[in-house]
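Colleague: Taking the hints into account, I'd like the entire structure generated from these sequences.
Chains S and H, in that order, give the protein sequences. 1 is the number of the first residue of the first sequence in my numbering; add one for each residue after it. 1 is the number of the first residue of the second sequence in my numbering; add one for each residue after it.
Take the hints with a grain of salt, since some may be wrong.
One copy or any two copies: either way a pair holds, since identical chains are not told apart in the list.
Said to hold, decoys possible - Within a straight-line C-alpha distance of at most 20 Å, the following computed SDA-like cross-link-like pairs (lysine to any residue) qualify:
id, residue 1, residue 2
1, K190, K242
2, K69, G88
3, K249, Q136
4, K190, A210
5, K338, D306
6, K25, A52
7, K309, I298
8, K274, Q136
9, K309, R85
10, K249, E144
11, K249, I114
12, K25, D53
Please keep in mind that the hints were generated in silico from the structure rather than gathered at the bench. The model shown is predicted, which means the values in this text are computed figures rather than measured ones.
Number of protein chains: 2
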Amino acid sequence: MPRSLQTPTAHEKDIHDPLATLRTKFHIPADTIYFDGNSLGLLSETVQTRVADTMAEQWGNDVITSWNKHNWINLPLTVGDKIARLIGAPEGTTLCCDSTSLNLFKVLCAALDINHGRTEVLSTEDNFPTDLYMVQGLQQLLGERCTLRLVPEQELLAAINENTAAVLATEVNFRTGRKLPLAELSAKAKAQGALTIVDLAHSAGAFPVALLQHDIDFAIGCTYKYLNAGPGAPAFLYVAPKHLESSRKPMQPLFGWLGHAEPFAFSVDYAPAKGIRQFLTGTPPILALAAVDAALDIFADIDMADIRKKSIGLSEYWLACMADEGLLEIMPSISPDKAEERGSQLAFEHEHAYAICQALIAEGIIADFRAPNYLRIGFSALYNTYGEVQQAVSSLATIMHERRYENEAFQQRNTVT
Amino acid sequence: MPRSLQTPTAHEKDIHDPLATLRTKFHIPADTIYFDGNSLGLLSETVQTRVADTMAEQWGNDVITSWNKHNWINLPLTVGDKIARLIGAPEGTTLCCDSTSLNLFKVLCAALDINHGRTEVLSTEDNFPTDLYMVQGLQQLLGERCTLRLVPEQELLAAINENTAAVLATEVNFRTGRKLPLAELSAKAKAQGALTIVDLAHSAGAFPVALLQHDIDFAIGCTYKYLNAGPGAPAFLYVAPKHLESSRKPMQPLFGWLGHAEPFAFSVDYAPAKGIRQFLTGTPPILALAAVDAALDIFADIDMADIRKKSIGLSEYWLACMADEGLLEIMPSISPDKAEERGSQLAFEHEHAYAICQALIAEGIIADFRAPNYLRIGFSALYNTYGEVQQAVSSLATIMHERRYENEAFQQRNTVT
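Modeller: Structure below.
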């Protein structure tokens with residue numbers, strides 16, 4: 001179990017942390033230091049209470065009348081607007097619905113349709129696989145009307161050309177934590193007549209995002225990482241106002257009844273709702289949306305700039321502690337050196353990264369492993385402390401010096417890694 | 001509020017109801033008689049407790065390790081297997097995931113691909129709109145590779161011909177409650193080389209379904225009606241074993257990472273998982289799936305034949321009570337006369353059906369309205385009683401005799417009807 005000792009430095013930093021009280025809103029598992037908020041954010045009292053109330057009061061007591069009485073019918077939009085505030089999007093441009101993969105399918109179709117004549121989706125070789133798979137799936141369906149070109153991440157901007165229909169980029173690389181420069185990406189795409197689709201999975205809730213300011217065309221993202229909305233919680237999608245305003249036919253092909261202009265007229269022919277609502281598909285999952293809604297309320301009074309500041313503080317302190325312990329030589333960072341070029345995570349390379357991660361977990365320190373050989377540390381400014389950083393790195397040092405990763409028990413692979 | 005009086009007949013029927021004790025598992029809203037289980041089933045203690053535990057124990061305490069420890073990763077399959085038991089499907093053929101609309105998109109693509117060379121999806125004019133919209137969406141995407149032909153429900157079987165790629169039918173009509181003969185539908189389709197896609201939205205949990213026996217190719221359905229899994233709960237999809245076994249390439253184009261053969265290898269190229277798992281897309285919504293899982297546990301020891309028997313008992317008694325009150329002349333049934341030709345609902349036509357429904361709701365009797373002028377009554381064998389039927393019809397008689405539907409307050413339309 002993690003020791004409760006803390007260096008004076010860590011203690012000092014925690015005392016002066018303006019976000020420190022937020023930690024009390026979360027359920028910190030007993031004897032655990034949690035640095036995996038970039039995979040699954042922690043449960044908060046706010047979410048727990050809201051979901052329980054939504055079940056007991058809304059579903060339990062008001063049942064079907066809740067679609068009106070508790071405005072369930074508009075929940076994907078009202079929750080979407082709360083997400084919008086965190087990603088620099090205006091009201092009425094963001095929905096909370098379906099999964100990131102499915103939302104990507106919708107905006108891919110929309111982008112290829114707007115930029116018809118071009119077929120190429122340009123992305124990076126180490127983009128998160130599900131994003132690439134969704135393009136490959138669309139390719140299977142559309143044949144030559146959709147092509148996928150992959151380039152190394154560092155060549156992405158230079159690779160955009162007059163054939164590119166859409167650039168598909170995850171802002172923060174899920175392995176390295178490298179943060180792409182959205183302003184430059186957008187400018188380069190615009191100059192070549194390409195549209196931009198940005199996956200904000202590791203961005204939303206982690207630092208300020210400025211979609212409208214950077215003139216991004218489409219964005220998608222998930223709510224179960226830095227937004228702490230629960231395992232597999234509904235995802236989000238954003239469509240730039242200019243596209244919503246100029247559309248004259250359905251923008252995407254998943255014509256669910258809740259994207260219809262008049263769902264309760266039950267007419268035979270599809271007619272898309274105006275604006276972002278046409279990106280809705282089936283009946284929204286209310287319990288899950290209530291969890292997202294509550295999780296977002298925690299961000300209501302927070303300036304995302306403060307989140308970013310603390311996130312950088314935690315990660316820089318992690319690196320300093322590792323340097324002090326002499327660990328950076330034996331498990332080098334694969335993340336950018338400059339804090340402003342990173343998201344809210346660090347990753348380290350070691351041939352025994354999997355076993356090292358398991359050894360940490362055995363000590364109550366939750367990080368995660370990403371193939372082929374990376375140890376990934378995610379920092380949540382809402383609940384992580386400098387003291388935790390110091391303790392976790394100290395445990396990591398012990399594990400490395402004692403070569404605990406040679407223990408066979410730590411080398412056995414789980415289904416989910 | 002509903003009166004608590006009960007005729008001796010109703011009382012007698014309730015005493016002899018072998019499923020009577022199941023009602024205690026559900027949260028019956030105070031002063032309410034609920035005949036809208038075909039729109040949104042009631043909350044049970046089982047679901048409430050499971051969701052609370054999944055939040056507190058699994059997400060809250062075990063956090064990310066729950067993907068292995070609590071087998072979250074396989075939940076869409078294990079819940080799918082529980083649904084399979086209710087719809088006459090073998091293990092490993094049914095998934096609980098996404099929405100009914102999205103699952104329809106997947107199986108539509110699979111059917112058109114298997115039956116390549118044919119383009120026609122044949123359905124009924126009064127199929128539930130979202131089913132028709134999804135075909136129209138696919139049509140927008142694929143152009144002439146997908147066409148939709150609609151015929152009146154009574155002409156469906158005769159309309160299947162050698163051009164039909166797939167017949168898309170909802171087993172129980174959402175307005176009239178008419179139950180299509182799946183055995184005949186399947187036989188006719190097979191004879192013409194057409195595949196069958198059946199929407200079980202109003203079937204699953206309402207009566208026995210025999211998908212494998214009837215050689216149905218694909219099925220989809222929802223869990224928030226007769227399965228009581230909560231508003232907008234994840235839907236299901238079924239693929240016949242013969243198709244799963246013979247597939248040599250990805251069967252559907254929504255290539256999410258959890259449908260990959262090795263999702264945690266994070267490889268660049270999509271390779272479908274074997275069997276039904278390839279119909280998975282993004283990360284599954286665990287809280288919502290836990291609700292479905294628990295809701296299905298209520299069915300574990302129940303014979304679906306008993307559910308069907310009580311469902312028919314309740315609806316026949318409803319009709320008898322209406323006949324006694326002389327109501328069938330003024331608001332005739334649009335449902336089939338023969339109980340075996342109906343699902344678990346009745347519907348009545350009246351020009352003031354909307355206001356009548358509102359007047360019932362004002363009495364604590366929840367039914368629903370469907371455009372243009374139908375009052376719809378859904379029967380759940382798990383929690384409805386004969387006493388409730390008697391009281392509801394008695395209140396309906398009062399409303400009709402006093403012409404309360406002329407009250408302006410009852411004529412104002414809500415967003416969701």
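Colleague: Each hint should be assessed against the structure and marked as holding or not.
Modeller: So, going through the hints one by one against the coordinates:
When the C-alpha separation of K190 and K242 is checked against a cutoff of 20 Å, the pair qualifies only within one copy, where the shortest distance is 14 Å, while the shortest distance between copies is 49 Å. In the homo-oligomer, the alpha carbons of K69 and G88 never lie at most 20 Å apart, since the shortest distance is 30 Å inside one protomer and 38 Å across protomers. In this assembly of identical chains, the alpha carbons of K249 and Q136 lie at most 20 Å apart only when taken from different copies (13 Å versus 25 Å within one copy). When the C-alpha separation of K190 and A210 is checked against a cutoff of 20 Å, the pair qualifies only within one copy, where the shortest distance is 16 Å, while the shortest distance between copies is 55 Å.
For a Cα distance limit of 20 Å, the shortest separation of K338 from D306 inside one copy, 18 Å, qualifies, whereas the shortest one across copies, 67 Å, does not. Proximity of K25 to A52 under the C-alpha cut-off of 20 Å is found in both arrangements, the shortest distances being 16 Å within a copy and 17 Å between copies. Taking the shortest Cα distances, K309 and I298 sit within 20 Å of each other inside one copy (18 Å), while across copies they are farther apart (50 Å). Taking the shortest alpha-carbon separations for K274 and Q136, only the inter-copy value of 18 Å comes in at or below 20 Å, while the best intra-copy value is 29 Å.
In this homomeric assembly, K309 and R85 come within 20 Å of each other (Cα to Cα) only inside a single copy, at 18 Å, whereas the closest approach across copies is 53 Å. Taking CA atoms no more than 20 Å apart as the test, K249 paired with E144 passes between copies only; the shortest distance there is 18 Å, against 23 Å inside one copy. Proximity of K249 and I114 under a CA criterion of 20 Å is satisfied intra-copy only: 11 Å inside one chain copy versus 30 Å between copies. Taking the shortest alpha-carbon separations for K25 and D53, both the intra-copy value of 17 Å and the inter-copy value of 19 Å come in at or below 20 Å.
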